[in-house]
Structures are given as C-alpha cells and as structure tokens.
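Go by the hints and put chain R onto chain W.
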Amino acid sequence: MRAVKVEHMNNDIINNIGLNHYLILAALLFVTGMAGVLLRRNIIVLLMSIELMLNSVNLTFVAFSKYLGILDGHIMVFFVMTIAAAEAAVGLALAVSIFKRFNEVNIRFFEHLKG
Amino acid sequence: MNHSLLMALLILAPFVGFLINGARYKKHSANVAGVIATAAVAISFISAVLLVLDLVAMPVESRKIAVSFFEWMAVDKFKINAGFVVDQISAIMILVITGVGTLIHLFSVGYMHHDKGVAKYFAYLNLFIFNMLLLVLGDNLLVMFVGWEGVGLCSYLLIGFWFTDKEKAAAGMKAFVTNRIGDAAFLLGMFVLFITFGTLNFSELNALAPTVAEASWLGAVTLGTLFLFIGATGKSAQIPLYVWLPDAMAGPTPVSALIHAATMVTAGVYMIVRLNPLFIMAPNTMMVIAVIGAATAVFAATIGMTQWDIKKVLAYSTVSQLGYMFLACGVGAFGAAMFHLMTHAFFKALMFLGSGSVIHAMHEEQDIRKMGGLKKYMPITHITFLLGWLAIIGMPPFAGFFSKDEILAYAFNSPFGSPVLWAAGALGATLTAFYMTRLMALTFWGKSRVPSDIHPHESPAIMTIPLIVLAILSVIGGWIGIPHVIGEHLGHIPNMWEHWLHPVISPIPGWQAIDHTTEWTLMGVSVGLALISAIVAYQFYVKAPETPKKIAESIKPVYNLVYNKYFVDEAYFGGIINPLVNISRNTWYYIDVNFIDKMTYWAGDLMRGMGSMVRSVQTGNMQQYAMYIGIGVVVALSFVVMR
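Residue numbers (our numbering), protein chains in the order written: chain W, 1 to 115; chain R, 116 to 758.
If you're looking for bench data, these hints aren't it; they were derived computationally from the structure. Warning: the hint list may mix true and false statements.
What the hints assert, rightly or not - Restraint-style ranges between C-beta atoms, simulated for each label pair:
(1) Arg-101(W) to Ala-741(R): 18 to 24 Å
(2) Gly-747(R) to Met-81(W): 22 to 28 Å
(3) Ala-751(R) to Val-80(W): 17 to 23 Å
(4) Ile-83(W) to Asn-709(R): 58 to 64 Å
(5) Ile-746(R) to Val-45(W): 18 to 24 Å
(6) Arg-101(W) to Asn-709(R): 48 to 54 Å
(7) Trp-703(R) to Arg-101(W): 50 to 56 Å
(8) Arg-101(W) to Ile-711(R): 47 to 53 Å
(9) Met-81(W) to Ala-751(R): 25 to 31 Å
(10) Gly-747(R) to His-74(W): 54 to 60 Å
(11) Ile-746(R) to Asn-16(W): 25 to 31 Å
What the hints assert, rightly or not - Some chain R residues flagged as far from chain W (calculated, every beta-carbon gap over 10 Å):
(12) His-228
(13) Thr-279
(14) Ser-563
All values derive from a computational prediction rather than experimental measurement. We put the CB at the ideal spot given by N, CA and C, even for glycine.
Extracted from the complex, chain W is given alone in its bound form (with noise of 0.2 Å):
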C-alpha cells in the first residue's frame, strides 16, 4: 500500500511537473553560473560556470521545445553545445598559455586593458 502510494505519489510529481519547473531550474543554474563567472578568480572555475550557464539557456531551449511541441529548439541546443566545445577549447588555450606564463591560473593577469 506504502510502495504502490509512493509509485502513485512518484507518478504524481513526474506527471506534475510541468514547464515552470524547468524555468525555474534553469535560472537558478543561470544564476549560479554567473555567480561563479562574475566572482570566482581562477580561470578554470570561470570557463566552467560559463558552461554551466549555456546549459541552462539549453534547457530553457529544450523545456519550450518540448511545450509547444516543436523542433527548433532541439536544433538551437546543437548549435549551443557546439559553440560551447568550439569556446571551451580557446578558453583552454588560453588559460595553459597564461599558465606557462604567470605558472598561475588567476584572473588577475588578464586585468591589462585598464583606462
């Protein structure tokens, strides 16, 4: 009786859940990626929480898809993840060279562009 109320509660929220939820989900993913992004100083934290945002536009991208019933946005998500491989790999570089350069990874070292 347990189990099957449990089955049926388990239905339930899956049943319940709806797009709201994903949303939700999504920003606070966004958030917590610009968070990390705005406030985090090494270079590798950085590179990840900026995937972590693009991952909640993809799931916003894949929630809506799936709402309103249509493809664009499986197709928008391919791009995303794309880019996001394409952007990963110079953020890479970028932070070995200035790693071989400095021996840190610290954010600090890019701050040469001041007025």
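Coordinates of chain R only, in the frame set by chain W:
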C-alpha cells in the same frame, strides 16, 4: 642634319653634362668635370652654329626654324607645345649664350681648379646653360617662363655656391626673392595676355598685336606689357628691383661673367625684343621702359664711381649698361638693344673674366685700393682688359661705340624718345667712361699698392685664351652694325645687323630718318664727353691720386650718399622688409600662438577632461565588465517586461 635633331642636341647637351657631373659631383676631379662640362657646351655651340648657318641659307621671308617636340599641355583652349624656334633674334642669343658660355666654362677650369665642389659647380653651370637655352628658344611665353625660373634657380645656386659663408648664402637668397617678385608680375602679364589674345605663342601674339594699338594706361595690352616689364626689371636688374645684382657678386667670378653680365640678366631685354610688335602698341609702357632704363643707366653709373670692390664696380656697370638696353627698347630701337646686348656680352664677360684673373692673381683680394700697377705682372690680362675698357666707354672703332651710339641716336630721334632721354644716356656714357677709367687706373696703372705678402702673377693659358678671344670679339664685334652714316665713307659697308633683324623688328610709327649732321654731332658729343671724362679720371687717379679724395671731402654728404648706394637697401629694409617681418611676427604671436593654438588646446583639454570622467569605468577587470553586461541585460529586460 635634320633640324629637330640639331635642336635637341643644342638644348640637351648641357643637360646631359649637368646629369653626368651632378650624379658624381663628389668623385669628379676639376679636370674631368671641366672637360665634360665644357664639351657639353661646345657641342651646344656647334649645333647652334649649324642651325644658324641653315637659317642664313634660308630665304629672308621664311627665315625661321621651328621645332615642336610634343604637346606639353592642353586644357580647353589653352594649348601649349614644347616648341622651340630659331629665328633672327634667338639665333643671336644662342650664339652668344653657347659661345661666350664655352669660353667661360674654359676659364672656369682654371679659375675653380682648387675648389672642392668643382664638379657641382660645373653641373650648375651646365644646368644654367640648359635653362637659358629653354628661355631663348621657347616659342611661347610658358616655355620661356620655365627657362626664366630655371636660370633664376641656377643663379641662386651659384651665387650661394660658397654657402658656408653666411653672407654669400644671404646674397643668393636676396637674388632669389627679388627675382620672385618680378616673376610674379611676369605671371600676371602672361595671364593678361592670355585672357586678351587667347594664346601665349610668340608668333601668334605678334601677329595679333598690330590690331590693338591703345593709348590708355589700363588697357589690356598696356597692363600686360607693363607686368612683363616688371618681370624684366627683376631678372635684368632695373630700378626698383636691381638691388640683388651687386650682391650677386658673392658668387664665383666666372658666374658673374656668364650669368650676371652676359646672359641671364639680358633675358628681360630679350623678352621685350621677342614681343616687340606688342610692346610698340603700348606707348605708355614704352615710355615707362625708356624712363626706367635711362634712370637706371645714370643711377647705377653714379654708384659705380664710388665703389672699391672691383666686382662691385663691374656689377653697377652691368646694371647701368642694362639700363641702356632698356632705354633702347623704350624708344623702339629693339635692334639696337639686341646689338648692345651682344657687344655688352662680349666686353662685360671679358672684363669680369679679367677681374677674375686679377682676383686669382691677388689671392682673392677684391679691393682695388690694394691693387695698382698690375700692368707689369699681368700683361695679357691688362691688354685684354684695356680693349674691354675701350669698348665699354664707347671709343671708335670698338664694339661698344657702335651699339651705344645707335641707342643714343634713337633716343634722340625716335618719336618715343626725347632730347632728355638722350641727355641721360650721354650722361651715363660720360659717367661710365669715368668709373671704368678709374677702375683701370686703380687696378692696372699707377703705383703698386699691392701688400708685400702677395706676389701677383699672370694666369695660366686656360684662363688667358678666353680673355684673348673675348677681347678680339670686343674689338670687332661692333663691325657688323656700322651705321650708314659711317659706312658710306668706308666704301659703303652695309649695316648687316639692321638687315638681319629687319624682318622681325616692328618699324617705329612716325619715324623720320635722322639727318647726317645731327647723327655726326650726337656721335661727336658722346664720344667727346666720354673722352674728356676718361682723361679727367686718368688725371685724377694716376697723375694726382690725392685729388679725388679732396673732392670727396669737399662734397662729403653727397659722396656718402652715393658711396652707400643711396641707402636703397636700407630703405627697402626700413620701408618694406622690416614692416612685413613685423606684421608676420605679430600675426604669428597674436593670432597663431595666442588664438588658434589656444583654441585647439582648449578643444583638446575639453575632450581630455570629459574622458577622465568616464575613464575610471575601464578597470580592465573582466568580471566587472561582465557584471555591467549582466546589469545592462537585466535593466533592458525589465524595461521591456514592465512596459
């Protein structure tokens, strides 16, 4: 040989010489450079002789060799060819330029032997000959103007040849600037003529000229010719723009002989003769030319009487003789002007080269007070200088006599002339005889005043040969223009000069043949006056050297005025140059520095101030930028959502 080829050879040979010497001016020794340069001019001379021989062989009515190499520019109706023409007038000029030029190049080989920049010197000299040929051969005013500017440039370069001496460099600059004033007027003259006639071609202008006689002062022809004449006063050193020529003596002496006596300074006279049908249509211009010419002739001669520098005396003499040529042009005696131009080229080049020989012998000493008695040491220079002296003071039968007396006869008899102009001319001749005799006496005759550490010596053959040739020309050069009144007593010798130039010289309107008694009288008076004045000068400076000093003492204010060249330079400085400099300096200080500069600084400071306000935003901290972007997105979105 065909004419275009000869013409090209004539013009380009000196240019090639210039390129060769100019390209290797540090390498060539005096002899190499001298041979190249002299050969270049000699080739020119031979081409000129061949061309003139062809010209003589032509029938009188079509006597003209015209070559057009290419169309230089064509703008609407303004079409200019690189065209060159040898006719009766330019034939004389090319022979004088290349002939005397060759002799002077030869002389320079000896004179400039010890100079360091000798190849550069010869390069400039060749370039000068090239430009001078452009000037006289051009068949339109614009080609002439190119040569006109070119000779001015070479004159500047050669006057300031020893430019490490600041005074000499300044003399070159003065010559250039003074010439530029004249050149500006020359340009204006060209504009006026082009607007009026629609062409700058000499033959077309001269063909159109007889239709435009005008008596007013402000007519196009009068204005145009007056402007051209102002150009001529610059180039040919007439009042008021003569001041550069005496200073131009800072250049090497052969340069003074070639440029500042024989050729370049006569360019103005040549230009007027070239356009004589046009000038004769403007009686007012003619009057101005005659008056300026006569005034210059007397004015410069008086200054010449008081100078102590051998070259300065000759320089003022040149100014004065050029005055004669302009007097001749002004009274319509264009043929006589050309005649005097040629004889003057001979004897003045001779005297300048002679003075060069003296200066060379005296180790760069130019003060005639430190000379005297050089006859003994320099027999050839003395004899040749003596012949030049006889020619310039107008003793028959030397060259100067014929040309000068023809000018004086015209000045007296021409409808454009007047007894006053004649009297001025005769006075000029008298003064010329005086200062030239003075120069002879102080340099060659009398007791030697040479400092004991200088041992004068005769110059080498390479310098005396040109002197001898020029001396011969100074003696016989006048015989091709013997006036009828003398010729008929010598077995009817024709006046070859007049016959030669007759087709290209406009007749003087209202000319009445001069009767023989008058002509003999005029001749007698001017020769007599010159003779007396020469004897007086001889007495003064050889027999009784104290007399001139006493006379100078007794008329001290006048003497000082003349000795200081009438303070014309000072007047120009005080009246024109310094005020101009002051105006420039004030505009520079008050307008440029204090207004325009300040304005731009102020604008710059404004931008900088504005920049500094927002500069702190750019920290270089990427995370901050990212935050700004984030805030921006939020603001933008909330704006969209709230609305």
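At 10 Å, judged by beta carbons, does His-228(R) keep clear of chain W as stated? 68 Å, holds
Using the Cβ atoms, figure out if Arg-101(W) sits within 18 to 24 Å of Ala-741(R). 23 Å, holds
Range hint 25 to 31 Å (beta carbons of Met-81(W) and Ala-751(R)) holds or violated: This hint holds: roughly 26 Å between Cβ atoms.
That 50 to 56 Å hint for Trp-703(R) and Arg-101(W) (C-beta), does it hold up? Since the Cβ atoms of Trp-703(R) and Arg-101(W) sit about 53 Å apart, the hinted range of 50 to 56 Å holds.
Distal placement of Ser-563(R) relative to chain W, Cβ over 10 Å: 86 Å, holds
Within 48 to 54 Å or not, the Cβ separation of Arg-101(W) and Asn-709(R)? 52 Å, holds
Distance restraint evaluation - Arg-101(W), Ile-711(R), Cβ atoms, bounds 47 to 53 Å: 49 Å, holds
Non-interface claim for Thr-279(R) versus chain W (Cβ beyond 10 Å): 54 Å, holds
Just to be sure I understand the hint, the distance between the Cβ atoms of Ile-746(R) and Asn-16(W) should be within 25 to 31 Å; is that true here? Distance hint for Ile-746(R), Asn-16(W) is violated at roughly 35 Å.
That 18 to 24 Å hint for Ile-746(R) and Val-45(W) (C-beta), does it hold up? 22 Å, holds
For the pair Gly-747(R) and His-74(W), does the Cβ-Cβ distance stay inside 54 to 60 Å? At roughly 30 Å between Cβ atoms, His-74(W) and Gly-747(R) fall outside 54 to 60 Å, so the hint is violated.
Just tell me: holds or violated, for the beta carbon distance of Ile-83(W) and Asn-709(R) against 58 to 64 Å? 60 Å, holds
The earlier numbered hints that this structure contradicts are 10 and 11.
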